[in-house]
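Number of protein chains: 2
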Amino acid sequence: MKVCKFGGTSVASAEQIRKVVDIVVSDPSRKIVVVSAPGKRFSEDIKVTDLLIDLADTSLAGKDPTDALHNVVERYQQIAEGLDLDSGIAQIIEQDLIRRLKKDQSDEILYIDSLKAAGEDNNAKLIAAYFQHIGIDAEYVNPREGGLLVNLRPERVRALPEGNEKLCTLRDKKGIVVFPGFFGYTEDGTLRTFNRGGSDITGALLAAATNAELYENFTDVDCVFSANPTVIENPQAIDTMTYREMRELAYAGFTVFHEEALVPAFRHKIPVCIKNTNNPSAPGTMIVRNRDHALQSVVGIAADNGFSTLFVDKYLMNLEIGFGRHLLQILEEEEIPYEHTPSGIDNLSVIIRSEHLTDEKEARIINRIETELHPDDVHFQHDYSMVVLVGEGMRHTRGLAARAASAIARTGANIEMINQGSSEVSLVFGIQEKDENLVLRELYQEFFTEVPAH
Amino acid sequence: MKVCKFGGTSVASAEQIRKVVDIVVSDPSRKIVVVSAPGKRFSEDIKVTDLLIDLADTSLAGKDPTDALHNVVERYQQIAEGLDLDSGIAQIIEQDLIRRLKKDQSDEILYIDSLKAAGEDNNAKLIAAYFQHIGIDAEYVNPREGGLLVNLRPERVRALPEGNEKLCTLRDKKGIVVFPGFFGYTEDGTLRTFNRGGSDITGALLAAATNAELYENFTDVDCVFSANPTVIENPQAIDTMTYREMRELAYAGFTVFHEEALVPAFRHKIPVCIKNTNNPSAPGTMIVRNRDHALQSVVGIAADNGFSTLFVDKYLMNLEIGFGRHLLQILEEEEIPYEHTPSGIDNLSVIIRSEHLTDEKEARIINRIETELHPDDVHFQHDYSMVVLVGEGMRHTRGLAARAASAIARTGANIEMINQGSSEVSLVFGIQEKDENLVLRELYQEFFTEVPAH
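In the order they appear, the protein sequences are chains X and C. Mapping of the first sequence onto UniProt numbering: position 25 corresponds to residue 25, and the numbering continues sequentially without gaps. Mapping of the second sequence onto UniProt numbering: position 277 corresponds to residue 277, and the numbering continues sequentially without gaps.
Rather than coming from a laboratory, the hints here were simulated on the basis of the structure. Nothing false has been slipped in among the hints.
The list that follows gives simulated cross-link-like pairs (lysine to aspartate or glutamate, DMTMM-like), each with its CA atoms no further than 25 Å apart:
#, chain 1, residue 1, chain 2, residue 2
1, C, LYS361, X, GLU320
2, X, LYS314, C, GLU339
3, C, LYS314, X, GLU334
4, C, LYS314, X, GLU155
5, X, LYS314, C, GLU162
6, X, LYS269, C, ASP377
From chain C, some residues computed to sit far from chain X (all C-beta separations above 12 Å):
#, residue
7, ASP54
8, LEU83
9, PRO161
10, THR240
11, CYS273
12, ASN276
13, PRO280
14, ALA282
Computed from a predicted structure; not experimentally measured. Cβ atoms here follow ideal geometry from the backbone N, Cα and C, with glycine treated the same way.
Produce the complete structure using the sequences and hints provided.
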């Protein structure tokens with residue numbers, strides 16, 4: 001049994017929804033279908049979720065919501081007409097939205113949540129209706145009835161395991177289950193949405209709770225590429241990678257999934273496949289727990305810019321037990337996450353994404369370090385890029401670091417930082433931002449072209 | 001004005017002391033002479049300091065100290081005779097030791113301190129007497145009169161800056177000042193010794209307090225070598241290195257100085273020269289604040305074994321602000337210092353010297369990490385070596401990491417860890433212990449032979 005999730009562009013129009021239905025019926029094991037709200041049909045289009053946020057804002061501002069409501073209903077109406085459905089479904093959706101608009105506005109976040117979730121919820125109803133319309137046994141399941149339980153406000157929303165037993169019974173439904181992504185309900189029936197990209201979470205939760213053989217995530221690309229296609233022409237597709245490899249690639253520019261979306265699948269060891277709704281015969285990219293890394297030591301190369309370095313130097317630093325911990329505590333108290341902490345005997349660098357820093361924060365941090373740790377030197381440096389080679393088999397491949405460092409040397413770029421730890425699946429090079437694309441191209445050439453250029 | 005310190009082997013016998021005197025008088029700027037206790041004259045010999053500890057233990061145990069006392073006095077007597085001094089000085093020394101033996105034993109540590117310090121103190125008296133004997137204006141200065149103030153027990157002993165003004169007046173003495181190393185006095189006149197190797201500290205303190213142009217540290221080697229001479233045949237001498245380079249080399253096997261000995265010189269920017277009492281015309285090794293690193297990017301290669309790795313893996317670790325800090329706090333609470341913390345997005349390794357670990361500590365640490373941090377994996381690995389390339393100019397030398405990694409690859413050794421941080425003077429490779437000498441030889445070949453072998 002497979003759980004399939006279809007993203008916004010996959011369910012943005014009647015034409016796209018026909019593709020979805022074709023995909024689902026082509027494999028009888030595709031049993032549970034999680035859908036997003038209608039996304040963009042063309043690059044300047046507006047997502048239904050954004051129309052709904054506009055509708056909620058209008059209503060909360062006390063303005064007349066008629067036009068904003070019309071914009072949403074019209075999108076569903078167009079889809080319904082394109083699918084030859086009668087006007088009943090559009091009326092159901094309009095009534096649903098009016099009911100949501102009239103809800104209590106005392107908690108603005110919950111009010112917006114309820115309206116935002118209408119995008120997925122009504123799309124699921126519509127798609128279920130289309131399955132039925134063409135004679136396929138299918139059923140819309142609301143997350144409340146389905147068992148998608150979440151925790152109460154004001155804590156950050158997350159799914160509660162108490163719902164899993166009920167979710168598991170979705171396996172036993174006779175027909176296809178159409179389930180809206182993006183939201184769940186608290187024990188007392190309050191709707192709460194996951195973060196944006198939250199339909200991925202719903203899909204992974206259902207795949208985990210029903211112990212699916214596979215979680216298929218349909219989007220609008222054929223696969224995950226081994227390098228950024230805007231820098232590397234026609235990069236190789238990744239056919240299989242591990243969760244750990246996906247995570248390391250996500251570190252620097254690969255945004256396959258929202259970071260937390262795959263946690264339920266990872267914890268329950270459910271394999272994930274990324275596929276293209278517009279080209280379903282392409283094999284896609286599999287994300288698995290383990291792979292035979294003898295076949296390919298480097299699976300991908302990621303690169304990202306916008307990094308800064310906090311450098312601290314103090315004679316005899318290594319004799320001060322607690323120095324590193326104290327430094328990290330100062331950053332923690334400023335709520336600054338960090339990436340790496342390369343160190344010498346008397347110095348320590350902390351690599352930080354520059355977006356977490358401001359001039360004031362930097363001044364405050366330097367002041368605290370000077371006052372509390374009495375260093376010989378402390379300063380920030382900016383405009384670094386990190387280039388990350390990722391692969392489960394890297395650690396066991398002799399000479400790989402030499403090949404990578406030699407490739408970087410050929411570009412004339414200086415290596416500012418190297419980070420490789422035992423048992424790891426990544427090798428990270430810090431370079432100057434200006435060298436990023438040059439280095440990425442040379443590394444790609446080194447590890448992904450069959451006959452190296454040298 | 002220069003401060004010269006002579007180590008134990010440099011003042012172990014009459015013959016050695018004649019060399020010391022020749023060295024001092026050969027340069028009129030050699031004004032302050034800090035001396036150790038007589039050290040070993042041959043490899044099975046016993047240092048006077050060890051004879052004194054034996055004497056103190058005998059006395060504290062309530063046994064007859066006559067033989068132990070005789071052993072100490074005899075050593076000085078032999079030296080005095082060898083220097084053609086009359087028996088007066090040996091009698092002074094014997095009376096001094098008897099006076100110390102009779103002191104209050106209620107604080108055993110202070111009692112032992114007083115006897116241990118007699119080694120340096122009496123050697124300084126003897127050497128000053130010899131200077132005078134051959135007609136050179138010289139004066140023994142006791143650290144109490146000289147101004148070498150230290151803090152009270154039970155705190156760890158360290159010099160107090162309040163004494164510096166008085167120490168500085170040593171510059172103005174008419175003749176040569178002979179000053180015993182290794183100990184100072186508290187404000188109320190209690191004698192306390194520095195750690196072993198503490199004569200280096202005395203020398204550095206005096207050089208700093210008198211703002212000497214140079215601190216000359218005379219020992220029994222011509223220089224500091226660029227690599228371990230027991231592994232590399234005839235390694236290059238290091239003619240000049242910076243304090244930072246010396247520190248990084250000390251990290252892995254280079255024990256030029258006791259770690260804290262050079263702090264006063266470092267803080268006051270006093271250059272240090274390591275020279276050989278037995279070959280004073282050899283230029284020695286200069287330790288300076290800055291050097292022209294364009295001349296030589298790599299100054300030395302150090303290697304040391306006995307490292308362990310604590311590996312922690314947790315999906316989405318990077319989203320948990322405080323994870324790294326919490327992990328280091330657990331180590332801090334177990335009083336375990338660490339060397340490096342290489343990291344991936346979801347994992348973190350901590351490199352620790354194995355001597356700080358026991359089976360019980362490892363089990364306790366793993367248990368705490370599992371309970372407090374809920375990782376997906378946590379384990380220790382052992383038997384690693386660290387090989388460290390050191391040089392101020394390394395960061396600005398393109399292709400250096402590639403050359404180093406390629407050299408290691410040629411040996412067939414696997415690189416388990418790489419650590420290089422921005423602004424650093426070292427590049428650290430973690431390898432398996434069994435590969436250490438092979439890797440050291442290949443790296444030495446790569447960076448220190450004029451025509452590389454490939």
